[in-house]
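Protein chains in written order, with numbering that gives the first Met the number 0: chain A, 0 to 692; chain B, 0 to 739.
Take the hints with a grain of salt, since some may be wrong.
[Claimed, not checked] Calculated cross-link-like contacts (lysine-lysine; reagent style BS3-like; alpha-carbon spacing at most 30 Å):
1. Lys122(A) - Lys288(B)
2. Lys610(B) - Lys495(A)
3. Lys139(B) - Lys469(A)
4. Lys571(A) - Lys727(B)
5. Lys472(A) - Lys105(B)
6. Lys699(B) - Lys494(A)
7. Lys43(A) - Lys610(B)
8. Lys100(A) - Lys640(B)
9. Lys571(A) - Lys616(B)
10. Lys100(A) - Lys625(B)
11. Lys727(B) - Lys534(A)
12. Lys495(A) - Lys727(B)
13. Lys699(B) - Lys144(A)
14. Lys699(B) - Lys43(A)
15. Lys667(B) - Lys495(A)
16. Lys566(A) - Lys640(B)
17. Lys616(B) - Lys144(A)
18. Lys276(B) - Lys322(A)
19. Lys667(B) - Lys555(B)
20. Lys480(A) - Lys640(B)
21. Lys624(B) - Lys480(A)
22. Lys480(A) - Lys727(B)
23. Lys45(A) - Lys616(B)
24. Lys537(B) - Lys555(B)
25. Lys472(A) - Lys288(B)
These are computed hints drawn from the structure, not numbers from a lab.
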Amino acid sequence: MASTGPSQSLKRPDSSLTRGDQLIITPLGAGNEVGRSCVYMSYKGKTILFDCGIHPAYSGMAALPYFDEIDPSTIDVLLVTHFHLDHAASLPYFLEKTTFKGRVFMTHATKAIYKLLLSDYVKVSKVSVEDMLYDEQDILRSMDKIEVIDFHQTLEVNGIRFWCYTAGHVLGAAMFMVDIAGVRVLYTGDYSREEDRHLRAAEIPQFCPDICIIESTYGVQLHQPRHVREKRFTDAIHSTISQGGRVLIPAYALGRAQELLLILDEYWSNHPDLHNVPIYYASPLAKRCMAVYQTYINSMNERISNQFANSNPFDFKHISPLKSIENFNDVGPSVVMASPGGLQSGLSRQLFDMWCSDKKNACVLPGYVVEGTLAKTIINEPKEVTSMNGLTAPLNMQVHYISFSAHADFAQTSTFLKELMPPNIILVHGEANEMGRLKQKLITQFADCNTKIISPKNCQSVEMYFNSEKMAKTIGRLAEKTPEVGETVSGLLVKKGFTYQIMAPDDLHVFSQLSTANVTQRITIPYTGAFGVIKHRLKQIYESVESLPDEESEVPAFRVHERVTVKHESEKHISLHWTSDPISDMVSDSIVALVLNISLEIPKVVVESEAIKTEEENGKKAEKVIHALLVSLFGDVKLGGNGNLVISVDGNVVHLDKQSGNVEGENEGLKERVRVAFQRIQNAVKPIPPSVS
Amino acid sequence: MGTSVQVTPLCGVYNENPLSYLVSIDGFNFLVDCGWNDHFDPSLLQPLARVASTVDAVLLSHPDTLHLGALPYAMKQLGLSAPVYSTEPVYRLGLLTMYDQYLSRKQVSEFDLFTLDDIDSAFQNVTRLTYSQNYHLFGKGEGIVIAPHVAGHLLGGTVWKITKDGEDVIYAVDFNHRKERLLNGTVLESFVRPAVLITDAYNALNNQPSRRQRDQEFLDVILKTLRGDGNVLLPVDTAGRVLELMLILEQYWTQHHLNYPIFFLTYVASSTIDYVKSFLEWMSDSIAKSFEHTRDNAFLLRHVSLLISKSELEKVPDGPKIVLASMASLEAGFSHDIFVEWATDAKNLVLFSERGQFATLARMLQADPPPKAVKVTMSKRVPLVGEELAAYEEEQERIKKEEALKASLSKEEEMKASRGSDNKLGDPMVIDTTTPPASSDVAVPHVGGHRDILIDGFVPPSTSVAPMFPFYENSSEWDDFGEVINPEDYAVKDEDMDQATMQVGDDLNGKLDEGSASLIFDTTPSKVISNELTVQVKCMLVYMDFEGRSDGRSIKSILSHVAPLKLVLVHGSAEATEHLKQHCLKHVCPHVYAPQIGETIDVTSDLCAYKVQLSEKLMSNVLFKKLGDYEVAWVDAEVGKTESGSLSLLPLSTPPPSHDTVFVGDIKMADFKQFLASKGIQVEFSGGALRCGEYVTLRKVGDASQKGGGAIIQQIVMEGPLCDEYYKIREYLYSQYYLL
């Protein structure tokens with residue numbers, strides 16, 4: 000009663016009832032482009048950000064995803080799929096320079112490499128201080144905020160449940176599945192369904208997601224079989240060095256580089272004639288990251304763990320690290336793998352500038368090349384290139400593009416989607432053209448399955464509506480019998496995360512960590528008068544005033560309104576006992592007021608018979624009051640026969656039966672007014688019945 | 000009705016025998032743990048033998064003998080064939096523990112309960128899970144979800160959570176809530192109100208000193224011995240608590256620049272550490288963090304040398320040293336031999352870090368007072384000589400002939416089978432198999448002889464494409480001069496042999512160290528001779544609790560926090576079990592069971608439940624009040640039916656009936672006292688009541704310690720004379736609750 004009262008007036012706006020709850024997905028980066036992966040998602044007031052990368056072709060703030068589209072402080076969880084710069088490099092900025100205060104998760108291996116890779120990135124990218132997004136210290140601070148998640152481990156934050164699957168792309172790469180109130184979203188990040196020398200293939204989740212946000216880097220292209228690519232790769236290198244040339248392999252410091260090194264090391268051990276040709280792995284990270292690769296063998300495939308038993312497969316026999324270009328003794332044929340992969344700057348660019356004019360040399364591009372980088376330019380084999388110092392140089396060296404990048408090709412994407420059959424597919428992380436082609440092809444492929452395929456641009460929101468049924472479990476005493484249709488169920492509705500339970504108040508502490516309490520109050524009031532007086536007075540107010548039998552209490556006591564017990568503790572005190580609740584509190588307050596009132600009056604002897612008389616008097620008094628009030632309302636009121644009242648207004652006469660409240664007369668309007676007036680008067684005069692409901 | 004749950008102990012109740020329990024959930028039988036003791040007494044497994052064939056899944060909790068020792072035997076002899084679930088470290092370290100057990104036994108006896116191959120095939124069925132991975136069972140177990148959670152105690156140690164229809168059955172034995180160097184504490188406390196909790200009473204009567212104090216005593220006693228020119232023997236398990244001990248010693252040795260040598264001696268010591276190095280994600284946060292920052296793997300041991308045979312230890316120059324050797328029970332293994340050697344010297348120290356298993360040498364020595372002398376059996380394997388050798392050889396010759404005959408038959412079959420099949424099947428990663436250079440795979444045919452011995456019983460991993468014995472048809476090409484050969488094949492023969500031995504390791508999945516491998520391949524005929532001798536125990540014997548289990552007091556507080564609806568107690572001495580049972584009956588929950596072996600108890604929850612849909616119309620009128628993680632509201636609703644026939648709740652068409660007001664919340668007197676004080680009211684505790692201001696008193700009635708378990712609702716009594724203060728305080732009190 001008292002508790003339900005206010006809630007009725009506070010109804011929630013029920014605007015979206017018919018459409019279900021709105022789910023919004025907005026790419027803040029990687030929408031119709033490759034680089035700066037960052038996808039925003041919000042559903043039922045929960046907000047998730049997938050990945051937090053930079054665009055490798057830009058620098059400074061321009062490389063960031065469009066963070067100003069969102070309010071970072073509202074994000075609950077940030078999930079990073081793998082350590083590549085275009086997926087993780089704006090994380091220190093986002094954690095340290097924005098209002099973000101949610102939680103960040105990545106896998107163990109990703110976290111270990113993240114730090115190395117980003118410190119390297121900060122050192123390598125030689126931009127002006129204003130353009131620096133963050134420094135080494137920011138990276139270190141961000142490390143403390145990043146939490147780790149293991150593959151398949153299910154975590155719950157704020158009602159958002161999520162877990163990750165192996166993605167196969169690089170060591171530690173994960174695909175995240177997010178479950179908010181039963182709606183599942185899969186974000187693949189970069190993934191590969193092909194097992195290679197050290198990584199497992201991406202898993203196919205056993206649950207079908209409602210939405211699949213999938214990369215489309217390679218669009219409709221198909222990869223050559225892996226052993227063909229490896230053969231092309233080794234052949235290109237072998238032929239170049241046998242002609243006395245030098246081979247430059249620009250590669251991201253971590254990820255694919257390890258795979259290529261495994262191939263090269265094996266090829267060299269199989270070809271003793273090459274042993275005099277050095278292979279350099281020119282990345283300052285080379286040695287540092289090896290410890291990580293040596294440790295997380297459990298994230299790699301069976302092949303590696305089998306080899307690991309004998310010797311560390313990442314302990315290369317034919318490959319030596321190269322610290323910088325100063326230490327490089329450029330005599331005769333050699334193979335150098337250097338970062339960055341896009342030839343933007345750094346060692347790979349220095350070597351490229353040195354070697355590009357000699358036609359004996361070769362440059363092997365082993366990974367995906369990002370639009371806007373030099374690597375992308377030289378694929379088209381222009382006659383000339385601009386070197387770092389601004390001069391133009393002829394491009395004579397051979398350029399091979401043999402993609403080892405572990406992204407899914409069309410065959411993998413389409414089988415992956417066929418297995419999953421998600422009703423909604425959102426394409427991200429792909430050049431607009433490739434993505435468009437992929438979209439068309441997927442549309443034809445899924446023509447008969449009612450699948451929605453969307454490829455939003457950056458900052459273009461995709462809105463969907465999900466009608467998630469709210470199911471509640473009724474448990475405990477309330478569920479002893481399953482109710483029939485039409486019966487009522489009353490109890491506490493307890494919500495935790497997105498699960499609902501209905502239970503009896505007594506069961507609350509059994510099924511939840513909450514507990515209920517009873518507050519018993521006992522108040523003593525000084526009172527020197529006769530106990531009977533109080534009882535008598537209360538009887539005039541309350542319908543139910545019962546004396547309690549003497550066995551229960553040694554002192555005279557009675558119970559008012561079935562709630563409050565009044566005891567005559569001593570000559571000078573009475574006490575009130577009751578269990579707190581709004582009505583009882585009200586009753587007790589009125590008793591207190593009454594007792595105080597009596598104390599003020601001069602105590603007088605009250606005789607029993609007088610009490611009865613008072614009751615009769617009371618009746619008469621009530622009648623008088625009714626009469627007086629009616630007179631004040633209608634003017635001419637006379638007493639008729641049988642206790643009836645005759646009321647005449649402007650010539651119209653009605654008869655009012657005081658016992659039943661019946662009104663008889665000609666004029667309908669007057670009749671109605673008299674009836675209402677009489678009812679109200681009666682309500683005001685007569686005592687309240689004990690059952691308040 | 001709720002999910003039906005029955006628990007039947009098969010071993011390890013009312014005593015400290017190995018753990019093995021049958022938990023059946025709606026007819027799906029889980030065997031949780033499958034332990035054996037260091038005596039390998041088959042009579043212990045009788046209850047298991049009776050039910051082994053009905054088991055649908057096996058869950059392993061810790062990688063030691065007591066928790067998984069009987070797995071190979073049960074798989075081989077008792078007809079256990081269910082899939083096994085464990086975490087990656089439990090799988091790996093469990094495997095190594097079993098190897099170590101086998102090799103220690105084989106060295107000193109004609110051990111025939113199981114072989115290395117049995118161990119391999121038993122562990123072949125293991126599905127590896129990560130912590131808090133929800134694994135959905137299929138088939139018969141449809142609807143059941145199992146999830147391992149951190150238990151502490153041992154690396155990869157698991158608290159199993161089995162969920163069906165929203166009801167949790169939790170199996171948590173040997174958990175440790177304290178964070179240690181190696182491991183994080185258990186997450187058991189984060190589970191609240193599971194339907195059933197199965198836990199052990201092993202440590203119910205023990206209390207531990209603080210970790211710092213214990214570590215200090217540990218190091219003090221060791222250093223005292225070393226400085227007194229004595230040797231220290233730590234009998235340890237193969238791959239369990241020893242890791243923590245090693246970290247303690249490493250850390251101390253590094254900090255204090257000590258150079259007393261430390262040796263870790265088991266048959267699998269080096270593989271153990273190799274694997275442990277790759278399990279960083281299972282270890283404590285601080286280890287993970289230090290790796291992330293400095294890439295220093297905690298198990299790149301600088302002071303501990305790894306040994307796999309006793310002869311290596313003998314080569315070490317004399318002088319004080321520490322040896323950590325398996326088995327902890329001193330019943331077998333290197334620790335046994337070293338103990339016999341060292342026990343007679345009063346300068347030496349034997350330091351037990353865990354309670355020995357019942358009726359083992361270690362347990363005898365831990366008695367108070369320790370025995371003056373113990374009888375031990377010294378056994379060793381000696382090569383056969385003279386007549387015995389001749390007889391043996393004759394026998395072998397006969398067997399070999401028979402086998403050769405069989406083998407040639409089967410070889411032929413195989414040749415037929417593999418002919419024509421693509422020889423690329425072997426390793427999908429080989430770039431170019433048509434020109435066979437010195438790729439390691441080509442070495443295989445050369446060691447065919449070796450392989451025959453080796454792979455007897457070797458089962459290929461289910462993922463492998465190749466037939467069991469990859470047969471390589473030499474793709475012989477012929478030209479005018481005869482067969483085209485690759486000169487390299489002949490030139491690098493020596494290297495091939497090297498690789499062949501590597502291949503041997505590879506085939507065993509690298510689970511063995513070369514040294515111990517030699518033991519198996521050592522075909523020299525041998526026999527075991529044993530003699531009993533009495534060893535005078537003069538050395539110092541010390542026991543310190545490094546078991547890494549929560550102690551009695553913590554167990555009790557954890558249990559009352561978790562507050563299961565039903566509690567099953569297993570594993571622990573009769574006194575401990577009884578003690579904990581009485582305690583829990585009083586303070587945790589009214590349903591505490593401690594079944595006997597073979598006794599099936601039904602812990603099906605008497606919980607009633609049904610599901611209803613909450614209609615949007617109803618929900619739009621509900622106003623939730625937030626209380627911590629929960630949101631609570633009162634609902635009055637009418638039951639209706641949805642189109643699909645399930646029940647749904649609709650708003651009432653009539654005005655709601657009144658209901659008693661519910662006070663939701665839990666106030667702590669101490670907190671409330673502070674709250675009142677902050678409002679400027681004088682408060683103090685006196686005689687169990689809170690005196691607020693001058694006159695008003697607040698009391699909590701009902702047994703506060705009996706929280707959770709019984710159907711107790713917090714009772715607060717407020718007393719006072721009529722005054723302003725009374726109403727003020729009442730107002731404050733109400734503000735602590737949600738009134739619904």
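To see whether the hints hold, each was checked on the structure:
1. Lys122(A) - Lys288(B): holds, 23 Å
2. Lys610(B) - Lys495(A): holds, 16 Å
3. Lys139(B) - Lys469(A): holds, 29 Å
4. Lys571(A) - Lys727(B): holds, 25 Å
5. Lys472(A) - Lys105(B): The hint is violated at about 57 Å.
6. Lys699(B) - Lys494(A): holds, 28 Å
7. Lys43(A) - Lys610(B): With a Cα-Cα distance of about 22 Å, the restraint between Lys43(A) and Lys610(B) holds, given a limit of 30 Å.
8. Lys100(A) - Lys640(B): Not satisfied, since the Cα-Cα distance of roughly 44 Å exceeds 30 Å.
9. Lys571(A) - Lys616(B): violated, 56 Å
10. Lys100(A) - Lys625(B): Holds - the C-alpha atoms of Lys625(B) and Lys100(A) are around 21 Å apart, at most 30 Å.
11. Lys727(B) - Lys534(A): holds, 28 Å
12. Lys495(A) - Lys727(B): violated, 33 Å
13. Lys699(B) - Lys144(A): violated, 42 Å
14. Lys699(B) - Lys43(A): violated, 41 Å
15. Lys667(B) - Lys495(A): The hint holds at about 23 Å.
16. Lys566(A) - Lys640(B): violated, 51 Å
17. Lys616(B) - Lys144(A): Since the Cα atoms of Lys616(B) and Lys144(A) sit roughly 42 Å apart, the hinted pair is violated (cutoff 30 Å).
18. Lys276(B) - Lys322(A): Holds - the C-alpha atoms of Lys322(A) and Lys276(B) are around 28 Å apart, at most 30 Å.
19. Lys667(B) - Lys555(B): Since the Cα atoms of Lys667(B) and Lys555(B) sit roughly 21 Å apart, the hinted pair holds (cutoff 30 Å).
20. Lys480(A) - Lys640(B): With Cα atoms ~16 Å apart, Lys480(A) and Lys640(B) stay inside 30 Å; holds.
21. Lys624(B) - Lys480(A): The given pair, whose Cα atoms are some 28 Å apart, holds under the 30 Å limit.
22. Lys480(A) - Lys727(B): violated, 44 Å
23. Lys45(A) - Lys616(B): The hint holds at about 22 Å.
24. Lys537(B) - Lys555(B): violated, 39 Å
25. Lys472(A) - Lys288(B): Violated: Lys472(A) and Lys288(B) sit about 42 Å apart, past 30 Å.
Checked against the numbered hints given earlier, this structure breaks hints 5, 8, 9, 12, 13, 14, 16, 17, 22, 24 and 25; the rest are met.
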